[in-house]
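Asks: Residue numbers (this note's numbering), protein chains in the order written: chain F, 7 to 346; chain S, 7 to 346; chain C, 7 to 346; chain W, 7 to 346.
Treat each hint with caution, since some may be false.
Remember, identical chains collapse to one label, so a pair may be satisfied in a single copy or spanning two.
As the list claims (entries may be wrong) - Below, a list of computed lysine-lysine pairs in the BS3-like style, where the Cα atoms sit at most 30 angstroms apart:
id, residue 1, residue 2
1, 121, 21
2, 49, 121
3, 303, 197
4, 229, 276
5, 229, 282
6, 322, 121
7, 121, 89
8, 274, 121
9, 167, 89
10, 276, 32
11, 276, 170
12, 21, 89
13, 229, 170
14, 32, 21
15, 89, 340
16, 274, 229
17, 89, 49
18, 282, 226
19, 226, 170
20, 229, 167
21, 281, 21
22, 89, 170
23, 303, 49
24, 21, 285
25, 170, 340
26, 281, 49
27, 303, 226
Derived by calculation from the structure, the hints in this document are not laboratory data.
Read off the chains here:
4 protein chains.
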Amino acid sequence: MISFECDYNNGAHPKVLQHLLETNSKQSLTYGFDEWSDSAKEKIRNVCNAPEAEIYFLSGGTQTNMTVIDGMLQSYEAVISAKTGHINIHEAGAVEFTGHKVIDLPAHDGKMSAKELSDYMNWFVNDESTEHLAQPGMVYITYPTEYGTIYSAEEISNIYKVCKEHGLHLFIDGARMGYGIMSLKSDIDLKFIASHCDVFYIGGTKVGALCGEAVVFPNKAPKHFFTTIKQHGALMAKGRLIGIQFDALFTDNLYLDISKHAIEMAEKMKQLFAKKGYKFFLDSPTNQQFVIVPNDKMIELEQQVMFTHWEPYDAKNFVCRFVTSWATTDEDLKILSEIT
Amino acid sequence: MISFECDYNNGAHPKVLQHLLETNSKQSLTYGFDEWSDSAKEKIRNVCNAPEAEIYFLSGGTQTNMTVIDGMLQSYEAVISAKTGHINIHEAGAVEFTGHKVIDLPAHDGKMSAKELSDYMNWFVNDESTEHLAQPGMVYITYPTEYGTIYSAEEISNIYKVCKEHGLHLFIDGARMGYGIMSLKSDIDLKFIASHCDVFYIGGTKVGALCGEAVVFPNKAPKHFFTTIKQHGALMAKGRLIGIQFDALFTDNLYLDISKHAIEMAEKMKQLFAKKGYKFFLDSPTNQQFVIVPNDKMIELEQQVMFTHWEPYDAKNFVCRFVTSWATTDEDLKILSEIT
Amino acid sequence: MISFECDYNNGAHPKVLQHLLETNSKQSLTYGFDEWSDSAKEKIRNVCNAPEAEIYFLSGGTQTNMTVIDGMLQSYEAVISAKTGHINIHEAGAVEFTGHKVIDLPAHDGKMSAKELSDYMNWFVNDESTEHLAQPGMVYITYPTEYGTIYSAEEISNIYKVCKEHGLHLFIDGARMGYGIMSLKSDIDLKFIASHCDVFYIGGTKVGALCGEAVVFPNKAPKHFFTTIKQHGALMAKGRLIGIQFDALFTDNLYLDISKHAIEMAEKMKQLFAKKGYKFFLDSPTNQQFVIVPNDKMIELEQQVMFTHWEPYDAKNFVCRFVTSWATTDEDLKILSEIT
Amino acid sequence: MISFECDYNNGAHPKVLQHLLETNSKQSLTYGFDEWSDSAKEKIRNVCNAPEAEIYFLSGGTQTNMTVIDGMLQSYEAVISAKTGHINIHEAGAVEFTGHKVIDLPAHDGKMSAKELSDYMNWFVNDESTEHLAQPGMVYITYPTEYGTIYSAEEISNIYKVCKEHGLHLFIDGARMGYGIMSLKSDIDLKFIASHCDVFYIGGTKVGALCGEAVVFPNKAPKHFFTTIKQHGALMAKGRLIGIQFDALFTDNLYLDISKHAIEMAEKMKQLFAKKGYKFFLDSPTNQQFVIVPNDKMIELEQQVMFTHWEPYDAKNFVCRFVTSWATTDEDLKILSEIT
C-alpha cells in the first residue's frame, strides 16, 4: 500500500547508503571523532557560513530536543514554546523529565508570535512573584512547524530580538529543516538560521538519513556538552554512523536537492486535492498537508493509502495529514489521484 | 501598617503556640513518631471519618504538592491541572523538577470542569499517538482555588467520577481547606473530601500554624512514602513541631472555628468594598477577595495598607487581592474602611 | 525513659521559644523577608566576619544538602563525599534524586583525606575517558562528621586548596556545627569556616531550634537561589519561623554556649563509660560517642535508656551511639551512670 | 594503523549492511513496528527459548542502561552494582541523572559476589534507619564484565536467588553478550540468561551492528515501557534501522558465529603476548585482554598500534587493554606480533 503517513517511513537516500557502504571496511575513531564526522561538520559550517560553529550529531529529534534544552538551561530555568510545539505534546514529557517546565504561548497555525512572547516576558519581569516562578531561559520554535507552516525572516528576527532583550537562548528545531528552507514561500536559508539563533538542528531522520540530527551551535556550545550528551544516553559509540550520513547529505547540495523534490511533490499533491474539491485545514507551504476529508471517504481511503488521522474537524469531517518526502514518486501521486 | 496581603503573615494562633510551650520540655521520638503526631492523626481520622487513613505531616504547600505528586505518579505519568493551578504557576516548576509534566486544562474562575476533563481523556485514549504522550496519572485541584472560588459537592463528585473511569488519582490541594469548608457557599465537609479523592492535604500554614500541612491518604499511602518524603528533603527531624500544631488545631474544633472567623471577616470586607462602589474581579465566597481598584487609588492605598497587586484589569484599573485570615480583626477592617 | 538517642529529641531551647512567643502577635513580610530574619542574618555575618555573606534559612539537613548541592552544581556535575558522608547514605538518595552522582572517597573515621582527594582529581583529569565521566564540581564534608570526629584547621585548609586547584566548590555540612567548634580539640571557629569554603550551613535543628539551618555563602550565592529553594519545596511561607529562632540563637552567644554545654556533658559521659571499662569504637571529641557494648548488656540497657544501635562490632559486641545535646542534664548522666 | 582499541571501531558486519541494502527501498511502519523488527524479535525469542518475551530495540549501551533501570525502578529505588560496573563509572552519571542512586558493592575482577550481595541486603533490612536509605530495587551485573571476566552459571544462579529473596530485579548488561557466551570458559547460553534474570540486553553495537541493543524482558516489560523509551529520548523514528540489523545478526547464527571468531582471535592474541613474556593484569577469557606493558615499551607501541591506556600498574608499567572483535583478522595479529 502506498503511504503518505510521514516522512520517515523509507530507508535512506541511496547516496547516503552508498557512503555507508564505501566506508564500511575502514576502522575509525569512535564517539564522533572519525574523519567523516569531521568532514560533515566542515561542510555544514560552510553552508551555514559559520566557521566557528560547534557541531554534534545525535540520533533523533526528541533526544536532541531534551539534550540541547537541558544542556543549555540552568536547572531553575524553563523553556517557552508554542502550545503546539513538539516538545509540549508529542515527546512524552521528555523535557520535563530533565526537570524543566515548558511554558506554552498561543500557537498560530503552529507559530509563536514575537509580540506575545514580548508581552509574556514583560509581564514576567514585572510580576510581584517573579522569583516564585520557573525562570524563562530559552525560546523553542520549530522550522517548519508541526503544522507545516514556516516563519518569515522578519518573524524569526523579531523573536530573536525579544530573546536578546531578555537574555533568552533561541533554539530552532529543524527536524524538517530542508522542507522549510526549500518551501516556495521561504525567504531564509541556513546562513540566516545560523545567524539568528543560539542553537539549531538540521534534521536528518526525516530528510534522507536512517537516523541522525546535526546540532549546530553557531558560536559556542555549552561547557562539557559532550558529557551532557553521554549523560542523556545520546552518545553514539559508532559516531561514524551519523557522521557518514551527514557527510553524504552535505555533499553536492544533496540535502537541499532532495528537500526540494519533496516540496515539488507536495505542491502537486495540493493541486491534486484542491482540484477534487477538498479543503485544507490550513495553508501549509511545506511537505505536510492537512486535508479535510469526509468521515466516510476517510474510511474508504484507509483501504488504499496510509496517512495520519490528525484530529476531528467537525461531526462529519476529519483532518487527515498527508506527507511527502524525498522518496515520494510521481507514481505515488498518480495512485493517490486515482483513489481520492 | 495593616496588612491584607495574605493569610500567612502572622505568627501562630495562640492555642497552637501554647501547645508548643506546654510540650516543649518533654523528650520524644523523632521523624513524626512522637505522641502528639499520633494524637493529631487520630483526631484528623475522626473528623474525616476515615479510620484507615494514613497521614503524614509536611512543612509547606509546594513541598507537599511535589512530594505527593511525585510519590503517587509513575515516572512516565503527568498530572492534570487547571491552567491557573498553583502547581502550574507559582511553584517555580517544582513538579517538573521531579520529572512530571503538568498538563493544563482551561480554568473557570480557577476551577477545572469535569466535562472538559472528560473530553480531554476521551481525546487522549483515542489519539493515534497516545503512547508518544506523557500518560495522565493524576488530577490536581485546589479547594478553595487560587481565586478563592470553591467546587460544589456535585462538581467534585463529577471530577472524581471521571478520574475513576480513567484510572486517575484525584489530589485535592487544601492549602486553605478551612476557608473553603467554612465558606457560606460550601456544601461539603472533611468527611466528604476524604471520601471523594485519593489524597488531599489540610493546610496549616495559612490556617493558624507556623508551618505544616497534613497529607491524608483516606485509604492507603504509596509504598515507602516515608522514604519518598526523605528523598524530597521533606522529612522533619523534629516531626513533633508539626504534630503538636495539628494536635492543637484539631482539638475542640479550633481549625474550623478560626476558619469561620476568617470567612466572617471576609464577608464584612466584601460589603465594605461593595458599599463604596468597588466592583469585584470575580465572586469569591472565601477569604481571598479580588477587588478592581483604579490605578491612582491603588497607589494611594499602598501607603496605608498592604495587599497583593494581582494583575492589570484594564488601562485604568488594577485587580488587587485582599485576604483575611484567622488573625484578622474588626479593628483591621475599621481602618480599611476608613482608607478605601 | 532517659534518651541519648540523638540531639533532636527535645523541643526548643527556652530562649528560642521565648522569642517565638514575644514576636508572635506581630505581622511580617513572608518568605524570609521579615525583620527577624534580617536581624539573624546580620548577627551571623558578624560572627562569621563575612559582611558580604548571603544567607538563606532552610528547614532541615537533607533538604539543605540537596538544595545547596543541586543549586551550585551544573547538571553534568557530581559531588565528592567521604563514603560515610550523610549525603551518601542516610538521605534516601536525595542528591541523586536531583540528578547528581555522589562520588565516594575513603572515609577515615568519617573524614576525607586531602591527599586522596588530590589523587582522585589527578587521576580524573588525566584519564583518557574523562569526558565520559560525571564531572566533579563540588567537595562535601561534614563538620563534625557522622562519627563525631572533626577536621583540624590544617586539614580543612588542605582540602580547600585542592578544591581551588581543580575548580571545585567546597561545601561544609554543619548540621552539628556548634558541637564541632566547641569541641576541646577544635582549632577553628565560624570565621575560619567562612573563609575556608564556598558555602556551609550552621545547623539549628540539632542545636536548640525546633527546625532550621542557616545556609551561608560567604561571598556570593548562585544566581536565582531563591527560585531554586522554591523549586526544591524548601521555601517556608512563614520564613520568620526560622529567622526568629536563629535571631535568638545568635543573640548573646547562645548558639555556642549551649553547644559548649553539650560538649561538657559528652566529656563527662566519656569518663563515665571509660571508668566502667567500656571501650570506644573511635575517639570522638564531640557530642556523639560510639561505645562498644556487649550484646547482652545492650539488651539490658535498652530497657532503661534510649540510644542508637549503630552496627555490630563483632559477634559478641555492638557499637552503640550515645549522644548529648544542649538539653542533656547532669541528672540524665547520673541515671546513665547507675545503669551502665 | 592497526587498532585493538575497542570492539566498535569498525563499520557493520557485511551481512548486516547487506540486509540494510536489500530492504532499503521498502516503506515500513515506524517506531519499531516494521516487519524486520518483528522478525528479529521472533528469532531472538526462539534462541532464548522465551516465547513470551517482550523485546525493544534501543540504540546504545548507556541509553539502554538508563532507560531500563529507570523504567523498572520505582522513583525511591536504587540499583546495586559492582564498584567497577559501567553504570557506576563510564556513563557520566546517566543513572543518577534519572534520579536513582547506584549502590556499589566490591568488585572481584569486575564481578559481584552473591555472598556480599546477600550480606548487604541482610544488613539493609535489619538496619534501624532502613526507611532513611534509598531502597534497593535492582541488581545490575555485566556479562562479560568491564574486565572481560564472566560469571559461571552457578554464580548467576546464586545472585538471582538472592534477588528473588529480597524482591530485587536482576538486570544483565550484555553489551558484549556474544563474546561472553562464546568464551571457552562460558557454561551458559542465551536460554540460561533468559531464565535467570528479569531483563537483559544483547549488545549489537560491539558485535557487528552499526548501532543497537536488544532489550529482552523474558516475561513482562514494565507498563508503558514504550512511553518510557520515548521519554528518555531513546525511541528511533526509523526503528527499522535496528530491527533490520538484528534480523541479520540472528539469521543463521551470525551473532554467535562472529562472536566466536573474536574469541579465537583473542586466544591467539593472549598466546602471542604470553610467548613474549608479557604478564596479564587478570585472567580474561573473552575479547578484552589487559596486558602489563613497561612504560617505555608502551610509548613505542603507540606509534604502531592503537589500544587503551587503562591504568598505571606500578611506577614502571602500565595496564594496556587490547580488544579483538568480529572484525579482527589474522593479518592484524601478525602485525601485532611483529611489533610487540
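Asks: None of the hints should be skipped; say for each whether it holds.
Replies: A quick look at each hint next to the structure:
Taking the shortest alpha-carbon separations for residue 121 and residue 21, neither the intra-copy value of 43 angstroms nor the inter-copy value of 53 angstroms comes in at or below 30 angstroms. Proximity of residue 49 and residue 121 under a CA criterion of 30 angstroms is satisfied in neither setting, with 36 angstroms inside one chain copy and 48 angstroms between copies. Proximity of residue 303 and residue 197 under a CA criterion of 30 angstroms is satisfied in neither setting, with 44 angstroms inside one chain copy and 50 angstroms between copies. In this assembly of identical chains, the alpha carbons of residue 229 and residue 276 never lie at most 30 angstroms apart, being 46 angstroms within a copy and 41 angstroms across copies at closest.
In this assembly of identical chains, residue 229 and residue 282 lie within 30 angstroms of each other by CA distance neither inside one copy nor across copies; the values are 55 angstroms within and 45 angstroms between. Taking CA atoms no more than 30 angstroms apart as the test, residue 322 paired with residue 121 passes between copies only; the shortest distance there is 22 angstroms, against 36 angstroms inside one copy. Proximity of residue 121 and residue 89 under a CA criterion of 30 angstroms is satisfied in both settings, with 15 angstroms inside one chain copy and 21 angstroms between copies. Taking the shortest Cα distances, residue 274 and residue 121 never come within 30 angstroms of each other, neither inside one copy (35 angstroms) nor across copies (42 angstroms).
Taking the shortest Cα distances, residue 167 and residue 89 sit within 30 angstroms of each other both inside one copy (21 angstroms) and across copies (28 angstroms). Only between protomers do residue 276 and residue 32 lie at most 30 angstroms apart by alpha-carbon distance; the minimum there is 25 angstroms, versus 45 angstroms within a single protomer. Taking the closest pair of Cα atoms, residue 276 and residue 170 never come within 30 angstroms of each other, the shortest separation being 38 angstroms inside a single copy and 45 angstroms across copies. For the identical chains of this complex, residue 21 and residue 89 are neighbours neither inside a copy (37 angstroms) nor across copies (46 angstroms), given an alpha-carbon limit of 30 angstroms.
Both within a single protomer and between protomers do residue 229 and residue 170 lie at most 30 angstroms apart by alpha-carbon distance, with minima of 20 angstroms and 19 angstroms respectively. Taking the shortest Cα distances, residue 32 and residue 21 sit within 30 angstroms of each other both inside one copy (18 angstroms) and across copies (16 angstroms). Proximity of residue 89 to residue 340 under the C-alpha cut-off of 30 angstroms is found in neither arrangement, the shortest distances being 36 angstroms within a copy and 47 angstroms between copies. Within a single copy, residue 274 and residue 229 get their C-alpha atoms no closer than 46 angstroms, and across copies no closer than 43 angstroms, so neither meets the 30 angstroms cut-off.
When the C-alpha separation of residue 89 and residue 49 is checked against a cutoff of 30 angstroms, the pair qualifies neither within a copy, at 34 angstroms, nor between copies, at 43 angstroms. Taking the shortest alpha-carbon separations for residue 282 and residue 226, neither the intra-copy value of 51 angstroms nor the inter-copy value of 49 angstroms comes in at or below 30 angstroms. In the homo-oligomer, the alpha carbons of residue 226 and residue 170 lie at most 30 angstroms apart both inside one protomer (16 angstroms) and across protomers (26 angstroms), since each shortest distance falls under that limit. Taking CA atoms no more than 30 angstroms apart as the test, residue 229 paired with residue 167 passes in both settings, with 25 angstroms inside one copy and 24 angstroms between copies.
When the C-alpha separation of residue 281 and residue 21 is checked against a cutoff of 30 angstroms, the pair qualifies neither within a copy, at 35 angstroms, nor between copies, at 48 angstroms. For the homomeric pair residue 89 and residue 170, the shortest alpha-carbon distances inside one copy (22 angstroms) and between copies (28 angstroms) are both at most 30 angstroms. In this homomeric assembly, residue 303 and residue 49 never come within 30 angstroms of each other (Cα to Cα): the closest approach is 47 angstroms inside a single copy and 40 angstroms across copies. Taking the closest pair of Cα atoms, residue 21 and residue 285 never come within 30 angstroms of each other, the shortest separation being 37 angstroms inside a single copy and 48 angstroms across copies.
In this assembly of identical chains, residue 170 and residue 340 lie within 30 angstroms of each other by CA distance neither inside one copy nor across copies; the values are 48 angstroms within and 49 angstroms between. Taking the shortest alpha-carbon separations for residue 281 and residue 49, neither the intra-copy value of 42 angstroms nor the inter-copy value of 48 angstroms comes in at or below 30 angstroms. With identical chains, the CA atoms of residue 303 and residue 226 are never at most 30 angstroms apart, being 52 angstroms at best within one copy and 40 angstroms at best between copies.
Violated hints for the displayed structure, listed by number in ascending order: 1, 2, 3, 4, 5, 8, 11, 12, 15, 16, 17, 18, 21, 23, 24, 25, 26, 27.
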